[in-house]
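Number of protein chains: 2
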Amino acid sequence: MASVRNLLVFRQLFHKETSTYTYLLACKQTMKAVLIDPVLDCVERDLKLLRELGVQLVYGINTHVHADHITGTGKLKQALPDCKSVLGSKSGGRADIFVDQSERLKFGNLMLECRSTPGHTNGCTTFVLHDRAMAFTGDALLVRGCGRTDFQQGSPSTLYESVHSQILSLPKHYKLYPAHDYKGFSVTTVEEELAHNTRLTKSKEEFIKIMDNLNLPYPKRIDESLPANLICGVTDPVSS
Amino acid sequence: MASVRNLLVFRQLFHKETSTYTYLLACKQTMKAVLIDPVLDCVERDLKLLRELGVQLVYGINTHVHADHITGTGKLKQALPDCKSVLGSKSGGRADIFVDQSERLKFGNLMLECRSTPGHTNGCTTFVLHDRAMAFTGDALLVRGCGRTDFQQGSPSTLYESVHSQILSLPKHYKLYPAHDYKGFSVTTVEEELAHNTRLTKSKEEFIKIMDNLNLPYPKRIDESLPANLICGVTDPVSS
Ligand SMILES: [Fe+2]
Ligand SMILES: [Fe+2]
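Protein sequences, first through last, are from chains F and X.
Under the UniProt record's numbering, the residues of the first sequence are numbered 1 to 240, in order.
Under the UniProt record's numbering, the residues of the second sequence are numbered 1 to 240, in order.
By construction, these hints were calculated from the structure, which means they are not laboratory data.
Ideal Cβ placement from N, Cα and C applies to all residues, glycine included.
Each hint should be verified, as a subset may be incorrect.
Claimed, not checked - Pairs of lysine to any residue residues, derived as SDA-like cross-links and limited to a Cα-Cα distance of at most 20 Å, are as follows:
{"no.": "1", "chain 1": "F", "residue 1": "K28", "chain 2": "X", "residue 2": "R94"}
{"no.": "2", "chain 1": "X", "residue 1": "K175", "chain 2": "F", "residue 2": "R199"}
{"no.": "3", "chain 1": "F", "residue 1": "K28", "chain 2": "F", "residue 2": "K183"}
{"no.": "4", "chain 1": "F", "residue 1": "K183", "chain 2": "F", "residue 2": "E205"}
{"no.": "5", "chain 1": "X", "residue 1": "K220", "chain 2": "X", "residue 2": "D150"}
{"no.": "6", "chain 1": "X", "residue 1": "K32", "chain 2": "X", "residue 2": "K90"}
{"no.": "7", "chain 1": "X", "residue 1": "K16", "chain 2": "F", "residue 2": "K32"}
{"no.": "8", "chain 1": "F", "residue 1": "K172", "chain 2": "X", "residue 2": "Q29"}
{"no.": "9", "chain 1": "X", "residue 1": "K28", "chain 2": "F", "residue 2": "I210"}
{"no.": "10", "chain 1": "F", "residue 1": "K175", "chain 2": "F", "residue 2": "V190"}
{"no.": "11", "chain 1": "F", "residue 1": "K32", "chain 2": "X", "residue 2": "K220"}
{"no.": "12", "chain 1": "X", "residue 1": "K28", "chain 2": "F", "residue 2": "H173"}
As the list claims (entries may be wrong) - Non-contacting residues of chain X with respect to chain F, defined by C-beta distances greater than 10 Å in every case (computed):
{"no.": "13", "residue": "L53"}
{"no.": "14", "residue": "E103"}
{"no.": "15", "residue": "V187"}
{"no.": "16", "residue": "A195"}
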C-alpha cells in the first residue's frame with residue numbers, strides 16, 4: 001500500500017530576478033496538480049514541466065496579490081482552460097475561486113488547508129499540506145524574516161497575530177516554504193523560526209517598531225504588478 | 001522507532017551570482033553534518049545555519065574542482081578545525097580526504113556512497129544517499145542537461161559513460177540534485193532525465209557532436225577559481 005508520503009510529486013521552482021519561489025504539487029495517483037505562486041515570466045518553463053511530468057493542473061493558486069512580479073495564473077489558464085485561479089477572499093482581486101479560513105482545496109487524493117494570514121496584505125493565505133507536514137506561507141513568513149507591512153493594507157500588528165496563531169502554532173517539525181528568499185535559503189521549519197526568526201521572536205511591540213522603521217524602497221515593479229495581479233494576471237483576450 | 005527517513009536534516013542552499021547549489025545534510029541522531037559544494041561567498045550564511053540547527057560539520061565535500069566559483073571548504077575549515085575537506089582522488093587537487101569509486105563517507109548514522117563520474121573533470125564524484133534515494137551529481141548531470149566538457153580534462157565520451165553507468169542506472173525514483181541550475185529547477189529524478197534530458201537521451205555519437213559544438217564562452221571566474229579550488233580553497237594562514 002502506498003503511503004501518503006509517496007503520493008506527492010513536489011518541485012520547488014525559482015525565479016531569479018525577483019527571488020520568487022513557485023511550488024508544484026501533484027498527486028501521483030490521479031496526476032492532478034496545483035501551482036502555488038506561478039510567475040508570468042516562467043509560465044513556459046512551468047508548462048513544459050507539467051507536460052513532462054504528465055500531470056494536469058487543476059489550480060493556479062496565489063498566496064496573495066503580489067507587488068513585485070506578475071502572476072502566471074492568467075497565462076496558465078489560457079494554455080490550460082480547465083485550470084482555475086485561486087485567491088484569498090479578502091484580497092480585493094478577481095479569481096475563479098476565493099478561499100477563506102479553514103477551507104480545503106482538494107487535488108486528487110491530496111488536500112490543502114487554507115489559513116488566512118493577513119498583515120502583509122489583507123488577502124494573504126497560507127496553504128497547509130498536513131499529510132506531508134508542509135506549509136506554503138507566501139510573504140507572511142519568510143526564512144528568518146517576514147514580508148513588509150508598509151503598503152497594500154499592511155499591518156505589523158495583524159501580521160504578528162497571523163504568523164503566531166496560524167503558522168508558528170503548527171507542529172514544530174512542519175516545513176515552511178516561503179514565496180521569496182533573497183539569501184539562498186529554500187525552506188525552514190516551525191521549530192527553527194520559533195527560535196531564530198529575527199523579527200517574530202520579538203514581542204509584538206518590538207516587532208511593530210521594527211516593521212515601522214524598515215524604510216524600504218518602493219517596489220520596482222509594483223505599478224505594473226498590482227493591477228495585473230488583482231485580476232489574477234488575466235490578460236484581455238483581444239490584446240493578448 | 002525513528003525511520004531512516006526521519007534521520008535526515010536536509011537543506012538546499014543557493015548562490016545566486018553563480019547559480020550554485022550547496023547541500024547541507026545532517027544526521028538527527030548524532031547531529032553530524034556534511035556540506036556538499038559550499039561557496040566561499042556564502043560561508044558566513046552557512047556557518048550561521050549550522051549553529052542554528054545545532055549540527056557539527058564533519059566533511060566539507062567538493063563534487064569537483066569548480067571553475068566558476070571558489071569553494072567554501074577552506075574558510076569553513078578555518079572556522080571549524082574538526083571539519084575535513086573531501087575531493088575525488090583523480091581531481092589533481094589537495095584535500096584532507098580523497099575518495100574513489102565505491103568508497104563510503106559516514107556522518108553519524110548516515111552514509112554517502114561515492115561514485116566516480118568523470119567527463120566534466122577527471123575528479124568529478126557523485127555522492128549517493130541510498131537511505132533517502134538521493135544523489136548529488138555535481139556538474140556531471142544537471143536538470144535536463146550536463147556540465148560542459150571543453151576544458152579541465154573534459155571529455156564528452158567519458159561523461160556520457162559516467163552518467164549512464166553511474167547515475168541514470170540508479171533506481172528510477174532516485175532524486176538527483178545538481179551543483180547548478182540556471183532556470184530555477186532545484187531537483188529532478190532518474191526517470192525524468194531518462195525521458196527528458198535534452199542531451200543524454202541522445203546516442204553517444206550525437207551527444208559528442210552536441211558537446212563539441214556548444215561554443216561556450218570562457219568561464220568568467222576560472223582564473224581565480226581553479227588555483228584556489230585545487231587546494232580546496234585553503235588560503236595561506238599568513239595571507240588570510
Ligand atoms: Fe508580497
Ligand atoms: Fe564545474
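Cβ separation check - L53 of chain X to all of chain F, threshold 10 Å
violated, 7 Å
Next pair to validate is K175 of chain X with R199 of chain F; report whether the Cα-Cα distance is within 20 Å.
violated, 35 Å
K28 of chain X paired with I210 of chain F [C-alpha distance capped at 20 Å]:
Violated, because 34 Å separates the two Cα atoms, which is more than 20 Å.
Straight-line Cα separation of K172 of chain F and Q29 of chain X no greater than 20 Å?
Since the Cα atoms of K172 of chain F and Q29 of chain X sit roughly 17 Å apart, the hinted pair holds (cutoff 20 Å).
Starting from K183 of chain F, check that the Cα of E205 of chain F is at most 20 Å away, please.
violated, 27 Å
When you check the alpha-carbon spacing of K28 of chain X and H173 of chain F, does it fall within 20 Å?
The hint holds at about 12 Å.
Has the given pair, K28 of chain F with R94 of chain X, been kept, meaning a C-alpha gap of at most 20 Å?
violated, 45 Å
K32 of chain F and K220 of chain X were given as a pair; does the straight-line alpha-carbon distance stay at or below 20 Å?
violated, 43 Å
For a C-alpha distance cap of 20 Å, please report whether K220 of chain X and D150 of chain X respect it.
Roughly 15 Å between the alpha carbons, so the hint for K220 of chain X and D150 of chain X holds.
Nearest-CB test (10 Å) between chain F and E103 of chain X
holds, 29 Å
Next pair to validate is K28 of chain F with K183 of chain F; report whether the Cα-Cα distance is within 20 Å.
violated, 32 Å
Taking 10 Å as the cut and beta carbons as the points, is V187 of chain X off the interface with chain F?
Non-interface label fails for V187 of chain X: nearest chain F Cβ at 7 Å, not farther than 10 Å.
Going through the hint list in order, the structure does not satisfy hints 1, 2, 3, 4, 6, 7, 9, 11, 13, 15, 16.
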